[in-house]
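The lines below spell out each chain.
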Amino acid sequence: MPETILFYLFAGMAIVASALVIGQRNPMYSIMLLITSFGALSALYILLDAPFVAMAQIIVYAGAIMVLFLFVVMLLNAPQEDAAEWDRTHPLRRPGTARFGAMLAGLLIVQLIWALVRVNESSTAVGAAGDVAAISSVRSVGRVLFTDYMFAFEATSILILVAMVGAVLLAARETGQQ
Amino acid sequence: MIPLGHYLVVSAVLFSIGTAGVFLRRNLITILLSIEIMLNAVNLSFVAFGRAQGNVDGQIITFFVMTVAAAEAAVGLAIVIGLFRHRESLNPDAFTLLKW
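Residue numbers (our numbering), protein chains in the order written: chain A, 1 to 178; chain B, 179 to 278.
Don't take each hint at face value.
Part of the chain A face toward chain B, derived, beta carbon under 8 Å [claimed, not checked]: (1) Ile-15; (2) Leu-41; (3) Ile-160.
Calculated directly from the structure, the hints in this document are not laboratory data. Note that beta-carbon positions come from the ideal geometry of N, C-alpha and C, so glycine has one too.
If we strip away everything but chain A, and leave its shape as in the complex, we get:
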């Protein structure tokens, strides 16, 4: 059962690293732990016979998006969370409201588990259906992407262009400002 062992290893790694992302005070450590979590997730994608998604996860997420985050953290001089003063004065930090928020979070988890229990196929093995060679090949992914999802793919390019223009416009210094 090497596959089962690998699944639990990488699933545990992804969950622990993500939980630690939330727990860090320094955003730099958070980003490094999130890259660890993305590496574990890409291993899970390989277990799911999706090597294209696994590589895209490493290249796009860990390679591009996280480096963007790292640059911004370094650019902004990595400010620590100035929590102490806000925490004491902020109305959301009063015990009553905090307890209410914790209750809502617990409710979300209960609701998700209840929904998952009711999924009929949840106990069937995930790799049972379909032809593994056809599902895992980049050729078949590309064929479906450029035929059935052609319009969505082209719309994606417009989205990236708009995001790029917006980012440049938002981050540019106004003229006359130092």
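On the provided structure of chain A, position chain B as indicated by the hints.
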């Protein structure tokens, strides 16, 4: 073989962690990172469902989610830089005015 439900549970746990991060943290960058965790949790369930159905559509949706995540990170971080320039803070509670 691993049941589909196991992947869905991992996805649900990751999504809950991301939600908790958005609500608990008082740092704009960590909040954006939590949103990335939530997007990844959804990606995992898409790929797992696609594998269980035996087609590649789940992987393709994941590709689009990644594109949206890249656009969201670029614009979100540009906004964070703009906010930091005005207030010298990353605490979302410092940005309570619509105009300054």
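Next item in the hint list is A/Leu-41. Is there a CB on chain B closer than 8 Å to its CB? holds, 6 Å
Using 8 Å as the Cβ threshold, decide whether A/Ile-160 counts as touching chain B. holds, 6 Å
A/Ile-15 was flagged as interface toward chain B. Is the shortest Cβ-Cβ separation under 8 Å? This hint holds: A/Ile-15 lies near chain B, its Cβ roughly 5 Å from the closest one there, short of 8 Å.
Violated hints are absent here; each numbered hint is respected by the structure.
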